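Visitor: Protein chains in written order, with our numbering: chain A, -6 to 293; chain B, -6 to 293.
Hints may be right or wrong, so weigh each one.
A pair counts as met if it fits within one copy or between any two copies, since identical chains are not told apart.
Simulated crosslink set (DSBU-like; lysine-lysine; CA at most 30 Å straight-line) [claimed, not checked]:
| no. | residue 1 | residue 2 |
| --- | --- | --- |
| 1 | Lys242 | Lys92 |
| 2 | Lys97 | Lys242 |
| 3 | Lys266 | Lys97 |
| 4 | Lys266 | Lys163 |
| 5 | Lys266 | Lys31 |
By construction, these hints were calculated from the structure, which means they are not laboratory data. The structure presented is a predicted model; accordingly, all values stated were derived computationally and were not measured.
2 protein chains.
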Amino acid sequence: MTDISNLLSRFSADFNARLDNFFPLSDNPENRVIEAMKYSVTNGGKRLRPFLVCTLARLFGLDFEASLRPAVALECLHSYSLIHDDLPAMDNDDLRRGKPTCHKAFDEATAILAGDGLLTYAFEILSSPATHADAAIRSELCLLLAEAAGAFNGMVSGQMLDLYMETHQKAGSEEIIRRIEEMKTGRLIRYACEAGAVLGRAAPDQRQALISYARGIGVAFQIADDILDVEGSPELVGKTLQKDSAQGKVTFVSLFGLETARQMAGDYIAGAKRALSIFPAGEEIEILQNLADFIINRRY
Amino acid sequence: MTDISNLLSRFSADFNARLDNFFPLSDNPENRVIEAMKYSVTNGGKRLRPFLVCTLARLFGLDFEASLRPAVALECLHSYSLIHDDLPAMDNDDLRRGKPTCHKAFDEATAILAGDGLLTYAFEILSSPATHADAAIRSELCLLLAEAAGAFNGMVSGQMLDLYMETHQKAGSEEIIRRIEEMKTGRLIRYACEAGAVLGRAAPDQRQALISYARGIGVAFQIADDILDVEGSPELVGKTLQKDSAQGKVTFVSLFGLETARQMAGDYIAGAKRALSIFPAGEEIEILQNLADFIINRRY
Chain A
-6 MTDISNLLSR
4 FSADFNARLD
14 NFFPLSDNPE
24 NRVIEAMKYS
34 VTNGGKRLRP
44 FLVCTLARLF
54 GLDFEASLRP
64 AVALECLHSY
74 SLIHDDLPAM
84 DNDDLRRGKP
94 TCHKAFDEAT
104 AILAGDGLLT
114 YAFEILSSPA
124 THADAAIRSE
134 LCLLLAEAAG
144 AFNGMVSGQM
154 LDLYMETHQK
164 AGSEEIIRRI
174 EEMKTGRLIR
184 YACEAGAVLG
194 RAAPDQRQAL
204 ISYARGIGVA
214 FQIADDILDV
224 EGSPELVGKT
234 LQKDSAQGKV
244 TFVSLFGLET
254 ARQMAGDYIA
264 GAKRALSIFP
274 AGEEIEILQN
284 LADFIINRRY
Chain B
-6 MTDISNLLSR
4 FSADFNARLD
14 NFFPLSDNPE
24 NRVIEAMKYS
34 VTNGGKRLRP
44 FLVCTLARLF
54 GLDFEASLRP
64 AVALECLHSY
74 SLIHDDLPAM
84 DNDDLRRGKP
94 TCHKAFDEAT
104 AILAGDGLLT
114 YAFEILSSPA
124 THADAAIRSE
134 LCLLLAEAAG
144 AFNGMVSGQM
154 LDLYMETHQK
164 AGSEEIIRRI
174 EEMKTGRLIR
184 YACEAGAVLG
194 RAAPDQRQAL
204 ISYARGIGVA
214 FQIADDILDV
224 EGSPELVGKT
234 LQKDSAQGKV
244 TFVSLFGLET
254 ARQMAGDYIA
264 GAKRALSIFP
274 AGEEIEILQN
284 LADFIINRRY
């Protein structure tokens, strides 16, 4: 069995080594915002989303170079969402992956601008001819990302719903937490898988299978996060834990209990792996299956 | 002479009538962020940027329908920048166009998300096949907008430089205020003109002429804003005036005095009009010339 943890580490090292070039610094005072963007994007993280983009692209015969730019764009978008989520007016977090959050390391105004800059940069990267020679592919990558990240059933609406539930002290139903998960986390993971399929010009049934895979690992990922919040190690996870219960937040764990939540996550992972069965066996498919297991077994 | 003020009002009415359809509301609690986006985009404004997009597109034979979506995308982007600029951590403004700013009408978290949602939506609109059948044009519109709005010599870096000068109480030089103007205001106005040229598949020399026009009216627009800040009517302008001098901000007026600033604006406008001379006389060219005059003669 491929050791996913090692594979992810190796991928992260390669990916991180290339990130620097995307953030050229200058002596101009406005360079501060680029420093803040770079600080946040290079601030560790599992690089799960870029890894998915590149692994899926490889499933269709594309190498690391051919999928690097869309992977970087997605990580920029993910980083922007973390910077804005951490702001005092939002989740008000001081630590992210064990380091000061962007507004703590810089200041609030710079953090808002750094988030805006990263969000904009994601689309600049995707729409640049350097990403793909075919404008139809660039344009589709832009559209899918904007839909996944936006305010119409995308990440921004997921964050809004999450905030609404908190500020209105609403008891969440299963339906609500599923919708929050789907919009806040699920759609970007789905995008990671779809981007690989778009780059690789996957056939419609292949693309559908990858979307099913993404849905399965997306929900399982969120459940695993909820479980980690209850029983994880703060050193390994790199953020304040037990925040959910302290805030009275409804999660998969608070709704169903630890054991049932764990069982549900296992079922989603099994479903995700089944969705891959339309592909012939091969190295990438094995990696994707092991990645699915890793998502619920990880300790960080 | 075309009455630009009337023409702009008529255009605004047509444009505003179409905006509603871009913000479908629902009963879901996360709908709040779409309400905030809609509140901000429909909150008046001269609609100068969309007017430029549509007028330029018309110069190349395209009608209102063919240029509406790129015009809406640009206005979404412009509105996002106003929402985030108004935030307490940034300019901390309570009023915008005579109405409560987004974070006053809603709350800070919702305003941050509404800005993020509008920025993302701009790229969703541009990259959608409904905007143009040719993916190369959609992709170019995305790239140009991202470059104009971003952190690498775009709007975000202009805002960063502006904040830096304020928080560090730096005396601005002519070079600095020109760079702030170019990045904060100039690049979006230039985008408005280029978008029309891209949609209309303008020849390179035509496009270059329109960029020169945009540069001229962009600087003149900023100088006129600085002049309005000193001698405008708060009722007509719809925001707190004399803020620049109260904050000790360096502007074209503080650097050169009212009369010289007025003279400079006039020179820029003359240059902008000269740049149009490569086009044969016609209705749209006359409108663009009158618009240039309007920019320095306006009282709001």
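Visitor: If a hint holds in the structure, say so; if it doesn't, say that too.
Guide: Here is how each hint holds up against the structure:
{"no.": "1", "hint": "Lys242 <-> Lys92", "result": "within (24 Å within a copy, 35 Å between copies)"}
{"no.": "2", "hint": "Lys97 <-> Lys242", "result": "both (25 Å within a copy, 26 Å between copies)"}
{"no.": "3", "hint": "Lys266 <-> Lys97", "result": "neither (40 Å within a copy, 48 Å between copies)"}
{"no.": "4", "hint": "Lys266 <-> Lys163", "result": "neither (35 Å within a copy, 59 Å between copies)"}
{"no.": "5", "hint": "Lys266 <-> Lys31", "result": "neither (35 Å within a copy, 41 Å between copies)"}
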